[in-house]
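Given chain A, work out where chain B should sit, using these hints.
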Amino acid sequence: MTKTSPSSYDEMLHADGSVRSAYAGYCQWHDEQPPDLLRRKGSEAEAFFRRTGITFNVYGNEDAEERLIPFDMVPRIITAQQWRKLQRGIEQRVRALNAFLHDLYHRQEIVRSGRLPARLLKNNEAFLPEMVGFTPPGGVYTHIVGIDLVRTGEDDFMVLEDNARTPSGVSYMLENRETMMAMFPELFTRVRVREVSDYPRRLARSLAACAPSAFGGNKPVVAVLTPGIYNSAYFEHAFLADQMGAELVEGSDLRVENGRIAMRTTRGYQPIDVLYRRVDDEFLDPLTFNPNSVLGVSGIMDVYRGGGITIANAPGTGIADDKAIYSFMPEIVEFYTGEKPILQNVPTWRCAESDALAYVLDNLADLVVKEVHGSGGYGMLIGPTSSKKELAAFEAKLRARPENYIAQPTLSLSTVPILTKAGLAPRHVDLRPFVLVSPNGIDITPGGLTRVALKKGSLVVNSSQGGGTKDSWVLDD
Amino acid sequence: MLGRSANGIFWLFRYLERAENISRLIEAGFRMALTRDASDASDEWRSLIVTLGLRQAFEARHGTEYTGPHVFNFILRDKDNPGSILAITEEARTNARMVRGGITREVWESVNDGWMQLKEALARPVTETRLGAVLDLVRRQSTQVRGAMEGTMLRNEIYNFARLGSFIERADNTARILDVKYYVLLPSVSYVGSSLDNVQWENVLRSVAGERAYRWLNAGRMDPRGIAEFLILDGRFPRSLAFCYSKLRSNLASLAREYGGEMHCHEILRDADCQFHHATIEAIFEQGLHEFIGTFIRNNTALALQIQRDYRFID
Numbered sequence: 146m147t148k149t150s151p152s153s154y155d156e157m158l159h160a161d162g163s164v165r166s167a168y169a170g171y172c173q174w175h176d177e178q179p180p181d182l183l184r185r186k187g188s189e190a191e192a193f194f195r196r197t198g199i200t201f202n203v204y205g206n207e208d209a210e211e212r213l214i215p216f217d218m219v220p221r222i223i224t225a226q227q228w229r230k231l232q233r234g235i236e237q238r239v240r241a242l243n244a245f246l247h248d249l250y251h252r253q254e255i256v257r258s259g260r261l262p263a264r265l266l267k268n269n270e271a272f273l274p275e276m277v278g279f280t281p282p283g284g285v286y287t288h289i290v291g292i293d294l295v296r297t298g299e300d301d302f303m304v305l306e307d308n309a310r311t312p313s314g315v316s317y318m319l320e321n322r323e324t325m326m327a328m329f330p331e332l333f334t335r336v337r338v339r340e341v342s343d344y345p346r347r348l349a350r351s352l353a354a355c356a357p358s359a360f361g362g363n364k365p366v367v368a369v370l371t372p373g374i375y376n377s378a379y380f381e382h383a384f385l386a387d388q389m390g391a392e393l394v395e396g397s398d399l400r401v402e403n404g405r406i407a408m409r410t411t412r413g414y415q416p417i418d419v420l421y422r423r424v425d426d427e428f429l430d431p432l433t434f435n436p437n438s439v440l441g442v443s444g445i446m447d448v449y450r451g452g453g454i455t456i457a458n459a460p461g462t463g464i465a466d467d468k469a470i471y472s473f474m475p476e477i478v479e480f481y482t483g484e485k486p487i488l489q490n491v492p493t494w495r496c497a498e499s500d501a502l503a504y505v506l507d508n509l510a511d512l513v514v515k516e517v518h519g520s521g522g523y524g525m526l527i528g529p530t531s532s533k534k535e536l537a538a539f540e541a542k543l544r545a546r547p548e549n550y551i552a553q554p555t556l557s558l559s560t561v562p563i564l565t566k567a568g569l570a571p572r573h574v575d576l577r578p579f580v581l582v583s584p585n586g587i588d589i590t591p592g593g594l595t596r597v598a599l600k601k602g603s604l605v606v607n608s609s610q611g612g613g614t615k616d617s618w619v620l621d622d
Numbered sequence: 335m336l337g338r339s340a341n342g343i344f345w346l347f348r349y350l351e352r353a354e355n356i357s358r359l360i361e362a363g364f365r366m367a368l369t370r371d372a373s374d375a376s377d378e379w380r381s382l383i384v385t386l387g388l389r390q391a392f393e394a395r396h397g398t399e400y401t402g403p404h405v406f407n408f409i410l411r412d413k414d415n416p417g418s419i420l421a422i423t424e425e426a427r428t429n430a431r432m433v434r435g436g437i438t439r440e441v442w443e444s445v446n447d448g449w450m451q452l453k454e455a456l457a458r459p460v461t462e463t464r465l466g467a468v469l470d471l472v473r474r475q476s477t478q479v480r481g482a483m484e485g486t487m488l489r490n491e492i493y494n495f496a497r498l499g500s501f502i503e504r505a506d507n508t509a510r511i512l513d514v515k516y517y518v519l520l521p522s523v524s525y526v527g528s529s530l531d532n533v534q535w536e537n538v539l540r541s542v543a544g545e546r547a548y549r550w551l552n553a554g555r556m557d558p559r560g561i562a563e564f565l566i567l568d569g570r571f572p573r574s575l576a577f578c579y580s581k582l583r584s585n586l587a588s589l590a591r592e593y594g595g596e597m598h599c600h601e602i603l604r605d606a607d608c609q610f611h612h613a614t615i616e617a618i619f620e621q622g623l624h625e626f627i628g629t630f631i632r633n634n635t636a637l638a639l640q641i642q643r644d645y646r647f648i649d
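These protein sequence lines map, in sequence, to chains A and B. Take the position in the first sequence, starting the count at 1, then add 145; the result is the number in the working numbering. Take the position in the second sequence, starting the count at 1, then add 334; the result is the number in the working numbering.
Chain A on its own, in the form it takes in the complex (with noise of 0.2 Å):
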């Protein structure tokens, strides 16, 4: 039904053709379908969203306040098997991002230990020195984790990032199996696949075991914090927030009052009790750290030491998902779990080390050039799509400060079809599952979100820059 690309590792089908088992079931029915189907209902989706209003807002582009993300209707299938092996791994690695920090805002062992070097630390931003001696409610620093997984073989999945601030894209994990369940439903009576529809519940559940011992009794009051319609999640926000039954606030509805934070509702100030922030530590607290922002609040961080409100994630937790600490995650994970990571990273060298650096400017035409502490795939260098021009700008900002450039080799990402004009073709994709830390547990959702990039043989993958996302399946067992 559709051709492989020869390099990548194609998990719909074999090399030789034939369709791989997890795929078996829906292969089966979309061979079945009359041809233009899936197109018509390809538009029938994007009137869908656009009614919605399932859109996400791109930054100084002013032609294109609202786009939608292109959605492709071949879902991205997981086996039971591949799932248990990835939740165990994220679980393991989730687990070993809360020790870590816990860590590095105490004792910090692991720099004692010269596991870790001090130097990533010094002068680093994500280092909130604010959270030094600080321990959050029920010690949970992360309490949303969006762990970005690439794939390279059948049982090659490597983390690519793991986003430990403020993970987005769930709603497109929740819209999109919607959209898929609305357009064919006679496809998930044949084909089993575990739910996700929940997430939000478990998500509440999770924010709410996480309250301030202190208060929240047995229904604590949770609140999404927002920097308001024009942020390009906003979407996402409002969502949760309304699938969670939780009130959805900007900075200016709230203050301090009696040691505590609290929002203007029309019966007067009402305290809160866990704050899940969608706003970045910078903004957070305008007394503590930048000092223009209007997005958050004056003297939360008093609150939150004080012990009256629990932030999620903690602030202060985007030194775990920083792209220098990232290249010593194996390590951080033997170090915590004392066991052997069950996921591995890919392969990364640290362009503050002269020996790197000297062979990544040596094989810059073949390397992924990050920043550090870059996000959204801005200010990153694909070497083999670039042109000589590029390569040599870049080797320049490299030179000129290379400890703030990770360099990873060109993976072949693995590929799923897409849907295009002239039948299925493979595209590139990565897949980010959520997973919810509370001092219950670690819950993570079966799926995730499926990034894909729509341009033929493009690896990236990222929204901002014209990928697309797919419903992502775990077959139930």
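It cannot be assumed that every hint is accurate.
As the list claims (entries may be wrong) - Partial list, computed: chain A residues near chain B (C-beta under 7 Å): (1) Glu392; (2) Leu393; (3) Thr410; (4) Thr411.
FYI, nobody ran anything at the bench for these hints, they're computed from the structure. Just so you know, even glycine gets a beta-carbon here, dropped at the ideal spot from N, CA and C.
Same frame as chain A, but now just chain B:
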């Protein structure tokens, strides 16, 4: 609920109501203009701009040349008019996005869908041929949102704030039409009513979608006093001042029940409400129709402000 959300809901429904009312006004003006010669038609268009309080802005843009397409395009979509139907529909949608969690999916989708359609329809200048369809679209959006609200929203504080927004705005609109057109209804102009008067009176009714209801109630007989009574005091007509205030009364009462007590705005409402209880149209004319309307508009604005204060719409 958050004070900011209450504010968002309140304004969402004010803007939708306003867009609907403006579209009725344009339609009535357009109809009048069609039946008149060029200079009278131009007077009609001017009167429409005056009713909407846009005279200065309009003349800055087009001078004193009041042609139909200039006028209705200015009201519908001109960038120099911050109160254009396009702008307030966008405001309505922005508010709906802000309070997305407080409204049902049906309400949100009808707001969003209407906005998308209107944005497309108003992407280019509207011609006289297209005008009817565009106005229809505006009204249909408002109707659809209202229907979605009635059919799907919980009858709680959110619903009450939505309704307060709708009826404060509707009362204001009807009053403003009366304020500009009151001279047409003054009995001194003509007792019998020339055919021109008849057209003028009917136009007033048409501006508030009341021409059929009025005719039905009065067996087709037009008289200015009856029309004024109908628009001010007739509790059966959904765009009359009395009707709007009976709704405000019941929505504020149910808020008081939900909140376990009355606020200052309840007092203001009671005072304002008195004017309908025992009033007769004779007494109103005696007092002076214009004064009556002026006082009404001021009280209505004060009530809206007090609601916003009492329920902490703003800090």
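Do the hints match the structure? See the list:
The criterion of a C-beta within 7 Å of any C-beta in chain B is met by A:Glu392, whose closest approach is roughly 6 Å, and the hint holds. Hint status for A:Leu393: holds, given a least beta-carbon distance of 5 Å to chain B, under 7 Å. Hint status for A:Thr410 relative to chain B: holds, with the closest Cβ pair at about 6 Å, below 7 Å. About 4 Å separates the beta-carbon of A:Thr411 from the nearest beta-carbon of chain B, less than 7 Å, and the hint is met.
Hint violations for this structure: none, all hints satisfied.
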